[in-house]
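K.L.:
Here is what each chain is made of, one letter per residue.
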Amino acid sequence: MIEFERAGKTYPDGTVAVGEFSLRIPSHTTTVLLGSSGCGKTTLLRMVNRMVDPTSGRVLIDGEDVAQEAPVALRRRIGYVMQNSGLLPHRRVIDNIATVPRLTGMPRGAAHERARELMRTVGLDSGLARRYPGQLSGGQQQRVGVARALASDPNILLMDEPFGAVDPLVRMELQRELRRLQTQLRKTILFVTHDIDEALALGDQIVVLQPGGQIAQAGTPEEIVAAPANDFVARFLGLDAGRRSLRARPQPGGGWLVSDAGGRPLGVLPDDPAREGPG
Amino acid sequence: MNHLSAAVDWLLDAQTWTGPGQLGARATEHLGYTAVAVLIAAVIALPAGLAIGHTGRGRAAAVLSSGAVRALPTLGLLTLAALAAGVGLVAPLIALVVLAVPSILAGAYAGVESVDRATVDAARAQGMNAWQVLWRVEVPLGLPIVIGGLRLAVLQVTATATLAAYVGAGGLGRPLFLGLRTYDYPMMLGASLVVILLAILLDACFEVVQRLLSYAPGLARTGRLREAR
Numbered sequence: 001m002i003e004f005e006r007a008g009k010t011y012p013d014g015t016v017a018v019g020e021f022s023l024r025i026p027s028h029t030t031t032v033l034l035g036s037s038g039c040g041k042t043t044l045l046r047m048v049n050r051m052v053d054p055t056s057g058r059v060l061i062d063g064e065d066v067a068q069e070a071p072v073a074l075r076r077r078i079g080y081v082m083q084n085s086g087l088l089p090h091r092r093v094i095d096n097i098a099t100v101p102r103l104t105g106m107p108r109g110a111a112h113e114r115a116r117e118l119m120r121t122v123g124l125d126s127g128l129a130r131r132y133p134g135q136l137s138g139g140q141q142q143r144v145g146v147a148r149a150l151a152s153d154p155n156i157l158l159m160d161e162p163f164g165a166v167d168p169l170v171r172m173e174l175q176r177e178l179r180r181l182q183t184q185l186r187k188t189i190l191f192v193t194h195d196i197d198e199a200l201a202l203g204d205q206i207v208v209l210q211p212g213g214q215i216a217q218a219g220t221p222e223e224i225v226a227a228p229a230n231d232f233v234a235r236f237l238g239l240d241a242g243r244r245s246l247r248a249r250p251q252p253g254g255g256w257l258v259s260d261a262g263g264r265p266l267g268v269l270p271d272d273p274a275r276e277g278p279g
Numbered sequence: 001m002n003h004l005s006a007a008v009d010w011l012l013d014a015q016t017w018t019g020p021g022q023l024g025a026r027a028t029e030h031l032g033y034t035a036v037a038v039l040i041a042a043v044i045a046l047p048a049g050l051a052i053g054h055t056g057r058g059r060a061a062a063v064l065s066s067g068a069v070r071a072l073p074t075l076g077l078l079t080l081a082a083l084a085a086g087v088g089l090v091a092p093l094i095a096l097v098v099l100a101v102p103s104i105l106a107g108a109y110a111g112v113e114s115v116d117r118a119t120v121d122a123a124r125a126q127g128m129n130a131w132q133v134l135w136r137v138e139v140p141l142g143l144p145i146v147i148g149g150l151r152l153a154v155l156q157v158t159a160t161a162t163l164a165a166y167v168g169a170g171g172l173g174r175p176l177f178l179g180l181r182t183y184d185y186p187m188m189l190g191a192s193l194v195v196i197l198l199a200i201l202l203d204a205c206f207e208v209v210q211r212l213l214s215y216a217p218g219l220a221r222t223g224r225l226r227e228a229r
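Protein chains in written order, with the numbering used here: chain A, 1 to 279; chain B, 1 to 229.
Mixed in with the good hints there might be a few duds.
To be verified - To give an idea of the interface, some chain B residues facing chain A are shown, with a C-beta separation under 7 Å as derived from the structure: (1) A61; (2) A125; (3) L141; (4) G218; (5) L219.
Simulated from the structure, these hints should not be mistaken for lab results. Note that CB positions come from ideal geometry on N, CA and C, so glycine has one too.
Turn these sequences into a full structure, and let the hints steer you where they fit.
P.N.:
Shown next as structure tokens:
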């Protein structure tokens with residue numbers, strides 16, 4: 001479990017990145033920090049592995065203040081995935097994945113064995129092991145980034161807009177893969193994004209942030225879509241623009257055509273006796 | 001032109017090269033001075049430059065002071081050092097080290113600074129300590145530029161090491177100054193040709209090293225190599 005206790009970050013020049021932030025992140029769940037750029041979400045994420053130290057308040061992991069732990073040791077037991085993968089360009093894929101096990105003294109052979117296993121876990125072809133990051137596609141690089149973060153089998157996974165730089169199709173596929181992985185691995189994931197659809201797709205808990213790290217609303221995806229706490233959340237989700245007020249019209253051949261309030265078609269809903277028809 | 005052909009004749013004469021105090025020994029001395037001067041300069045400048053690049057601290061001071069040092073005329077510095085240290089090898093070595101330090105220093109910090117900050121940030125976030133970030137990420141990725149600094153220093157020192165003879169030491173400056181004083185222009189010209197040749201040869205060695213490095217994936221590219229393709 002990760003807890004933020006009135007955590008805040010003010011930079012020496014007076015900029016307030018995060019005012020005062022309190023949140024409890026239950027173990028084995030995915031919590032998404034959702035907000036536009038400059039709302040302090042990355043700062044909050046980086047407080048967990050001490051890439052940023054809060055200037056007020058505390059961050060606790062399983063009841064222990066992270067400030068008590070040496071940053072290097074702390075970071076090695078927390079997985080971190082970032083945008084543009086952050087892989088070492090001069091190291092082969094397999095060595096990139098084996099980074100943390102090697103840092104913690106695992107022999108090379110065992111670390112590589114572990115890395116190969118992780119390549120399978122994240123759906124990477126083992127033929128890519130000897131390649132360099134520059135020879136991979138963006139989506140493959142992000143998979144390597146995820147594998148690297150999982151290498152030391154951490155309980156916590158920090159993901160900072162990990163799928164932000166890949167094209168929409170690959171992004172959706174990576175999201176699907178992450179969901180599959182999560183049912184299997186059950187990590188405590190803290191995920192940062194500005195993409196509402198991504199937040200809805202991945203989060204067990206979504207925290208909508210306003211500038212300064214203020215919580216506009218925290219809740220399950222259902223709660224947030226069904227009952228946005230205020231105009232800010234509604235606007236952020238696109239609820240006010242009618243993007244999420246869906247209409248369904250019966251189709252001549254059976255089934256329903258679903259469109260948004262503006263009449264743009266979004267998809268079809270098959271006739272399913274097991275499910276209630278849309279009102 | 002006849003000076004030049006006489007110089008070439010002088011260089012092609014076996015007598016010119018053999019024996020103590022002849023050109024072969026002088027060239028070896030010259031290379032030795034260059035090696036020692038660059039080595040001492042590297043021992044001083046590499047750690048300092050890497051530290052500046054890694055921490056980002058002291059950069060302004062380094063730029064300012066190496067600019068000032070570069071403006072020092074080497075001949076004047078040599079004379080000053082010779083007044084203090086006397087005739088011999090110490091004074092020219094001091095002057096040559098001072099000449100080499102700014103290039104190596106600049107190469108070292110520029111090399112480290114050239115590494116993508118996101119890569120360094122990711123390395124830290126994985127749990128590398130400062131030392132590991134420096135040696136496993138910043139130095140290997142910035143290596144082509146660090147070597148570029150060494151290359152420049154070697155070139156400068158090779159060309160300038162002729163001044164060692166000015167204060168009584170050896171090297172290829174000996175026949176050069178001797179030729180100047182005795183109006184033996186073929187000897188003077190021949191000696192400078194050897195200096196030029198040495199400089200080109202050493203530079204070519206570095207070119208080979210940098211070219212080999214350019215095939216290593218992910219490393220910083222030096223602008224020159226890019227354009228050469």
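K.L.:
Quick check: which numbered hints come out false for this structure?
P.N.:
As far as the earlier hints go, only 1 is violated by this structure.
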